[in-house]
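Engineer: In the order they appear, the protein sequences are chains A and B. At position 229 of the first sequence (counting the first as 1) the number is 1664 in this note's numbering, and the numbers step up by one without a gap. At position 344 of the second sequence (counting the first as 1) the number is 1779 in this note's numbering, and the numbers step up by one without a gap.
Just so you know, these hints were derived from the structure itself, not from any lab. If a hint is listed, it holds; no wrong ones were tucked in.
One copy or any two copies: either way a pair holds, since identical chains are not told apart in the list.
Calculated pairs, EDC-like style, for lysine to aspartate or glutamate (alpha carbon to alpha carbon, straight line, at most 20 Å):
no. : residue 1 : residue 2
1   : Lys-1773  : Glu-1480
2   : Lys-1701  : Glu-1452
3   : Lys-1773  : Glu-1677
4   : Lys-1762  : Glu-1480
These numbers come from a predicted model, not from an experiment.
Protein chains: 2
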Amino acid sequence: MNTIYNFSAGPAVLPKEVLQQAASEMLDWHGSGMSVMEMSHRGPEFMAILAQAQADLRELLNVPANYKILFLQGGGLGENAIVPLNLVGRKAQPATIDFIHTGSWSGKSIKEAKKYANVNVAASSENTGERAGFSGVPDPASWKLSADPAYVHVCTNETIDGIEFQFVPDIAARSNGAPLVADMSSHILSRAIDVSKYGVIFGGAQKNIGPAGLTLVIVREDLLGHALPICPSAFDWKIVAENDSMYNTPPTYSIYIAGLVFQWLKRQGGVAAMEQKNIAKANLLYDYLDSTDFYVTRVAKEHRSRMNVPFYLKDESLNAAFLAAAKERGLLQLKGHKSVGGMRASIYNAMPIEGVQALVEFMREFSLSN
Amino acid sequence: MNTIYNFSAGPAVLPKEVLQQAASEMLDWHGSGMSVMEMSHRGPEFMAILAQAQADLRELLNVPANYKILFLQGGGLGENAIVPLNLVGRKAQPATIDFIHTGSWSGKSIKEAKKYANVNVAASSENTGERAGFSGVPDPASWKLSADPAYVHVCTNETIDGIEFQFVPDIAARSNGAPLVADMSSHILSRAIDVSKYGVIFGGAQKNIGPAGLTLVIVREDLLGHALPICPSAFDWKIVAENDSMYNTPPTYSIYIAGLVFQWLKRQGGVAAMEQKNIAKANLLYDYLDSTDFYVTRVAKEHRSRMNVPFYLKDESLNAAFLAAAKERGLLQLKGHKSVGGMRASIYNAMPIEGVQALVEFMREFSLSN
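Model the full assembly from the supplied sequences, consistent with the hints where possible.
Structural biologist: Given below as structure tokens:
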């Protein structure tokens, strides 16, 4: 088997060390005689795995003591309903939620939230750039926030559109202290963040955390206890928090793998060190894209995602040949999302810089021979 | 490491062959160069894994063509809300759901359903036997069904109480054709069933299917499309069915493991052959329990579960000594659920008869020396 590099947007590449450890422990975790998959979630072995994963994540993200770390199920799309079900009850019904529309994922959140609240799209970057589609994050000074929203929702990294918040909007004074809720599915743990600036941070695990099927919610304690009566108990954050993510049987094996990823991240020097590596990887790819007109990008430079790099061949009739030649070189899953077309290289934490170097080298060669 | 036998009620023992295959494929699935955890759910590799798992399950349970097989998240407790959210819309609001209350799990379903409908407990076996608690399944002739319920809910195997339906109730003529909805979490795939007798069959995976975090729903097609407007899209069965369980990113690795379990089941001769093995295992344990008064059971003989065998030491002051001595012999996780106390041996498909033999042998020795 030749070296392959997997640019999937998620589920995505995991650190090889993590997979090796998981394979070696598959039939017997630490002499217990059991696979982690076979352990009662209430037994001492799994309780230790869960506690370690929570503690490591708290350390990695410097999560303040007044925030709960919850492990749920249902992914980002599930949270699009679960977040309003938990938070709109903070205000008289029907409440209003403010959204910043920066791409496909915030768009999906907007659509789902309409089931539970009035929606105010306070700002949108759709079709504001040179190309159709989303090109960046609207200037916070232009956001038309409501007087008293239940919360303000942002997707701080748009996986499909390749747009990333490079700043934390300071909105409390303009929104009656409404909490900022951030969908960080596709860039959490890729850069240092100040958790205290957010009310809720959530994300599906299948990019920088671990396997699909695990959902992470980090929530400030004062935001618990406002679930609507129609909120399913298994997704009521207060119930989940009171039961330490064990109200229903948690996705135990996924939590175990996430815990191995957290330990790998600590060995890499933590999130700050990872951020430097991610900057280097992203610069390598964007610098090349900026140096050629064979490939084009849509996103304004200051809003480019370090994790998801969409690009187009100027001559899109070459798309199929590009993908076939890339696969031949072991560069996999570069096809862009069907809704936006083109190509996309997702370069999450577990993608080594060698993978980006191989990609740039291939792209250069392809451009010269076509 | 000595041989251990894991009697956990779930997450529970998995076939060793499955774990060995998972370990060997962890870093490179079938020459793809990727772990299954790293694959895009929309790529050809995972699509093949999903299709095979669905086809094998359809074959194993002889699922008719007019039923959909859905892979979801949220477990049995999640479904306690998701089932009514999908089905009460079949009737004018507020609709009524009929429940048969046979233990802890149907009790949890009743409690959650009250958020979404009127609840009619058509029958209950609570405190009807010699000991307090649940002792069996009420005679269907005694069920006080509503004239026109949205559906009738049964839990066909009560994991905590050790009560199993040994028959399929025939209720359509008495309930205006209401569909029978069965929570089969803890005995699905352990015995032959006639899927056509049910409108919906659901269950968490973590007993006889695979890892926790995967939820199975088998639903008759005419029951799709009735979700309440407040049902989260990710849990709207019609949306999930239309997207072949890919509306949100599915728990890909758990589906892969479930697929390996399905293939193992086929190698064992399928569900009918597995049922014979399960009868033999259950008889071995119950015959011993019936032969002694050192241990006592609560459940009426005709309603005993083949999967979950709760029992009590007549002298409960010996409980701690029993558990310690069992662990010493490699017989793990025998403690009963905290809500009912005592002991419980869960003897799912993946528990070999040698494990039950070892348990009975130990129980006999313990009874003779105490």
